[in-house]
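Since chain L is already given, all that's left is putting chain X on it; use the hints.
2 protein chains.
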Amino acid sequence: MAQQEVTNGGSEKKTGGGNDIMEVIEVKFTALKPQLVVEAPKANEAILFYKAAFGAEELGRTLHPKRKADQELPLILSAQLSLAGSTILVSDLADPSETPAKTEGTGLAFYLETDDVASAINKAVGAGAVVVSEIAEGEGAGCGLSRVGKVKDPYGVVWAIGSPAAKAAVVEA
Amino acid sequence: MAQQEVTNGGSEKKTGGGNDIMEVIEVKFTALKPQLVVEAPKANEAILFYKAAFGAEELGRTLHPKRKADQELPLILSAQLSLAGSTILVSDLADPSETPAKTEGTGLAFYLETDDVASAINKAVGAGAVVVSEIAEGEGAGCGLSRVGKVKDPYGVVWAIGSPAAKAAVVEA
Chain L
1 MAQQEVTNGG
11 SEKKTGGGND
21 IMEVIEVKFT
31 ALKPQLVVEA
41 PKANEAILFY
51 KAAFGAEELG
61 RTLHPKRKAD
71 QELPLILSAQ
81 LSLAGSTILV
91 SDLADPSETP
101 AKTEGTGLAF
111 YLETDDVASA
121 INKAVGAGAV
131 VVSEIAEGEG
141 AGCGLSRVGK
151 VKDPYGVVWA
161 IGSPAAKAAV
171 VEA
Chain X
1 MAQQEVTNGG
11 SEKKTGGGND
21 IMEVIEVKFT
31 ALKPQLVVEA
41 PKANEAILFY
51 KAAFGAEELG
61 RTLHPKRKAD
71 QELPLILSAQ
81 LSLAGSTILV
91 SDLADPSETP
101 AKTEGTGLAF
111 YLETDDVASA
121 INKAVGAGAV
131 VVSEIAEGEG
141 AGCGLSRVGK
151 VKDPYGVVWA
161 IGSPAAKAAV
171 VEA
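Quick mapping for you: the protein sequence lines, in order, are chains L and X. Counting from 1, position 86 in the first sequence corresponds to residue 86 in the UniProt record's numbering; the numbering is continuous, with no gaps. Counting from 1, position 4 in the second sequence corresponds to residue 4 in the UniProt record's numbering; the numbering is continuous, with no gaps.
Chain L on its own, in the form it takes in the complex:
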């Protein structure tokens, strides 16, 4: 009976249960960008390596808004590298509690861009992902995205789902 209600078009919007939403939500993603998180402050060194090893080109970088007293240079929140027609992100691990590296023992994650962050996260959770970082807004949200939340999928991969960054936050290389 419950199943019948769920598949009834007229009642879907009213019930709003997790699985109901999954079938209804249409989320459009505009970009997928693999992100490499390295131990701070090695991001700059890593960027030089990817240029030398693979001919990557730097499109721009976003610096961390706060600099600690013992840091000579500001940390890199996110540098955008172009490689073989794709964009990859390289970031300094500024806060060990906010990185895929901590939860997964890896510095690789995915960034998925969309204008509808909340719906995208709801849909992923409905399909079996787990929220590892609630949606945060503003300059400090990370990696040049103005609004971002993170989920971990059943295979251990962390997906940061965010809205595109405000242009002003990006420093051209």
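Worth flagging that the hints you see were computed from the coordinates, not collected in a lab. Among the hints, a few may not be true.
Copies of one chain are not kept apart here, so a pair can be met inside one copy or by any two copies together.
Only pairs whose alpha carbons sit at most 16 Å apart, straight line, appear in this in silico EDC-like list of lysine to aspartate or glutamate [unchecked claim]: (1) 28 / 115; (2) 42 / 134; (3) 152 / 134; (4) 28 / 116; (5) 42 / 72; (6) 51 / 153; (7) 42 / 116; (8) 28 / 39; (9) 28 / 153; (10) 28 / 72; (11) 152 / 57; (12) 28 / 57; (13) 51 / 26; (14) 42 / 153.
Relative to chain L, chain X alone:
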């Protein structure tokens, strides 16, 4: 003295030292594809998840050429999924000794396609990467690539560098 010989321009082509080659090689990469390796036989389940969670579309899949007696279905060597304009690969971990998961504790790696696999690997090694899998040829080389070698970069990321797969090896979804 040895250092001086290496940096002498006239002797570069004869000596062929690693750093000399790095500066000379021009390698063109045609595609970058993140690859997710999951414990076999969960690749099919993972593909269904990425379709449900993110709306990924399957472009095709390459099956493992050999099926073990206890496997109901052949393992997936590589499925190609389209997501937000990018292609990601999902593979069953058929041989635990041949996966980035073993060396890095992660199922995420990168595939870089090029027609000049050997030069690309030489250049990456010259820049500081380490070979983790020598170039192998033929059907069993893995993931729909006809010729592939693997290097690990100084930041722990495994890069499989291979030539594009022969079309015949890909099964359309």
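Cα distance capped at 16 Å. Does residue 51 pair with residue 153 within a copy, between copies, both, or neither? between (31 Å within a copy, 12 Å between copies)
For residue 28 and residue 39, with the copy left unspecified, which applies at a CA distance of at most 16 Å: within, between, both, or neither? So residue 28 and residue 39 fail the 16 Å test inside a copy (32 Å) and across (29 Å) alike.
Checking residue 42 and residue 134: alpha-carbon separation at most 16 Å within a copy, between copies, both or neither? neither (27 Å within a copy, 28 Å between copies)
From the Cα coordinates, with 16 Å as the cut-off, is the pair residue 42 and residue 153 best called within, between, both, or neither? between (28 Å within a copy, 13 Å between copies)
Evaluate residue 152 and residue 134 at a C-alpha cut-off of 16 Å and name the case that applies: within, between, both or neither. Within. Shortest intra-copy distance 12 Å satisfies the 16 Å Cα cut-off; inter-copy 33 Å does not.
Classify it for me, residue 28 with residue 116: is the Cα-Cα distance of at most 16 Å met within a copy, between copies, both or neither? within (8 Å within a copy, 36 Å between copies)
Taking 16 Å as the upper bound on the Cα-Cα distance, should residue 28 and residue 57 be classified as within, between, both, or neither? Answer is between: at 13 Å across copies they meet the 16 Å cutoff, but 27 Å inside does not.
Given identical chains, is residue 28 near residue 153, meaning Cα to Cα at most 16 Å, within a copy, between copies, both, or neither? neither (19 Å within a copy, 33 Å between copies)
Residue 42 and residue 116: within-copy, between-copy, both or neither at 16 Å Cα: Answer is neither: 33 Å inside a copy and 29 Å across each miss the 16 Å cutoff.
Between the shortest in-copy and the shortest cross-copy C-alpha distance, which are at most 16 Å for residue 152 and residue 57: within, between, both, or neither? neither (29 Å within a copy, 20 Å between copies)
Checking an output row: residue 51 and residue 26, CA cutoff 16 Å. Within, between, both or neither? The answer is between: 12 Å across copies meets 16 Å, while 38 Å in one copy does not.
My question is about residue 42 and residue 72: at a cut-off of 16 Å on alpha-carbon distance, are they close within one copy, between copies, both, or neither? within (13 Å within a copy, 46 Å between copies)
Of the hints listed earlier, those the structure fails to meet are numbers 2, 7, 8, 9, 10, 11, in rising order.
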